[in-house]
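Colleague: The residues making up each chain are set out below.
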Amino acid sequence: MTNGVLMYAHNNLEIDYLKIACANALMIQKNLHVPISLITDISTYNWGKKSLTEKFIEKCFDKIIFIDKNHRFINERNFNDTSFTTKNLQFYNCNHWKAYELTPYDETLFIDCDYLIMSSSLNNCWGSRNDVMINHTIYSPYDQILPYSKTVDDMGIKQYWATVIYFRKSPLAKHLFSLVQHIQKNYSYYKDLYYFSSGLYRNDHAFSVAIHMLNGFNDFESIITELPILGLLMSWDVNDIHSVKLNDIILYVERSESKGNYILSRIKDTDVHIMNKWAINRHSDELIKLYE
Amino acid sequence: MNERLEKALEFANYRQTLNTQLHKSKIKTDGLLILAKNGGTFYINQELICFLDYLNRTGISKATIFDRNKLPVEISDIPSFLKEVTTRYFEVSNDFLKEYQIIKKARNIKSIMEIE
Numbered sequence: 000m001t002n003g004v005l006m007y008a009h010n011n012l013e014i015d016y017l018k019i020a021c022a023n024a025l026m027i028q029k030n031l032h033v034p035i036s037l038i039t040d041i042s043t044y045n046w047g048k049k050s051l052t053e054k055f056i057e058k059c060f061d062k063i064i065f066i067d068k069n070h071r072f073i074n075e076r077n078f079n080d081t082s083f084t085t086k087n088l089q090f091y092n093c094n095h096w097k098a099y100e101l102t103p104y105d106e107t108l109f110i111d112c113d114y115l116i117m118s119s120s121l122n123n124c125w126g127s128r129n130d131v132m133i134n135h136t137i138y139s140p141y142d143q144i145l146p147y148s149k150t151v152d153d154m155g156i157k158q159y160w161a162t163v164i165y166f167r168k169s170p171l172a173k174h175l176f177s178l179v180q181h182i183q184k185n186y187s188y189y190k191d192l193y194y195f196s197s198g199l200y201r202n203d204h205a206f207s208v209a210i211h212m213l214n215g216f217n218d219f220e221s222i223i224t225e226l227p228i229l230g231l232l233m234s235w236d237v238n239d240i241h242s243v244k245l246n247d248i249i250l251y252v253e254r255s256e257s258k259g260n261y262i263l264s265r266i267k268d269t270d271v272h273i274m275n276k277w278a279i280n281r282h283s284d285e286l287i288k289l290y291e
Numbered sequence: 000m001n002e003r004l005e006k007a008l009e010f011a012n013y014r015q016t017l018n019t020q021l022h023k024s025k026i027k028t029d030g031l032l033i034l035a036k037n038g039g040t041f042y043i044n045q046e047l048i049c050f051l052d053y054l055n056r057t058g059i060s061k062a063t064i065f066d067r068n069k070l071p072v073e074i075s076d077i078p079s080f081l082k083e084v085t086t087r088y089f090e091v092s093n094d095f096l097k098e099y100q101i102i103k104k105a106r107n108i109k110s111i112m113e114i115e
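Protein sequence lines, in the order shown, are assigned to chains E and V.
Residue numbers for the first sequence, in numbering that gives the first Met the number 0: 0 to 291.
Residue numbers for the second sequence, in numbering that gives the first Met the number 0: 0 to 115.
Here chain E stands alone, though its shape is the one from the complex (with noise of 0.2 Å):
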């Protein structure tokens, strides 16, 4: 049985995905110590051999797997550095489905570039008797809440994070991922059947509603059971990083009563996903001298 971490990265005109795929593969390296797949397209591999070096990103990455963009697909959204700034660009994250027949991998854990990981807690996955496993709970790292669920709409149905999904070669995982290529196909035939609120593709979305399907469209007893950790945190595009330590980042959290006003928020040996791209763009360079 081989295990291994598998993570996309397709630049758009100024987010270097890559770049903050090397920088988590490094951390992956040091906390998960498994074998990571990258799966790319073949301009954003030459920026990043100008940028990064080839030898560098051969260092961070067991495996690359090049596939080709599909230049139809248009999928545009605001991405936020902090509340201040915000800018239109291709979000390109069609092709998630196929991580299933690309991973060279028999147990996959299929990750966001920026989900980063400071902790070892998802080495509890490996040899777990579940097919798949996809959280549903999430907390954030200002609210003294505990971890929490959403829905996809206010009566919709419960909303699962795409962000980190474990999955074994076997029948169930190929169902789920073969119903989120279908998903994606239609999206906009199940984005009015689910009430979703904008048009934009969201993988969380198309799993969402793909184990809503595979559970005989039950809500309640789902096939899919929950990572082996607490829930994911999720540092939103609206805080910012304030310094990088090993294993170790403190965050500009902004406080959700008053915009632009922030506190200070620590978040040490616990992996966290941070949505504002460009904050871990201006930090990556640190990052990766850390971690090499």
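Mixed in with the good hints there might be a few duds.
To be verified - Pulled from the structure, derived: some chain E residues nowhere near chain V, Cβ distances all over 12 Å:
1. 55
2. 89
3. 95
4. 153
5. 162
6. 281
7. 289
To be verified - DSS-like mimics (lysine-lysine), calculated; alpha carbons at most 27 Å apart, straight line:
8. 149/E to 258/E
9. 267/E to 36/V
10. 97/V to 29/E
11. 36/V to 168/E
12. 109/V to 258/E
13. 29/E to 267/E
Calculated from the structure, these hints are not laboratory results.
Heads up, the beta-carbon is just placed ideally off N, CA and C, and yes, glycines get one too.
Guided by the hints, dock chain V onto chain E, whose structure is given.
Modeller: This is chain V only, laid out in the frame that chain E set:
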């Protein structure tokens, strides 16, 4: 803003940072108390420890118990599992105690964050 109000707001900010930090430490500790065993995942708490101790004391060395997802997991060696569970419990609770004392003693935001 007068000085008294400024000090009160500064204190409120400090208290909020301290409480947020304590809350995150609690959640981190809870996360570390999740243990993978025989393909299942267990949440280590005093209830699990007592149950395993009861099985051990009554001479039951092999049992099927429910994990965190309410799925049955066969444990073939109860005494060694009890040892593994209690070891993890004390490791995690001692680490939390250290962290808790550091945070509680901090008298300003800089020391909570350990910023030099």
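Colleague: Flag every earlier hint the structure violates by its number, smallest first.
Modeller: none
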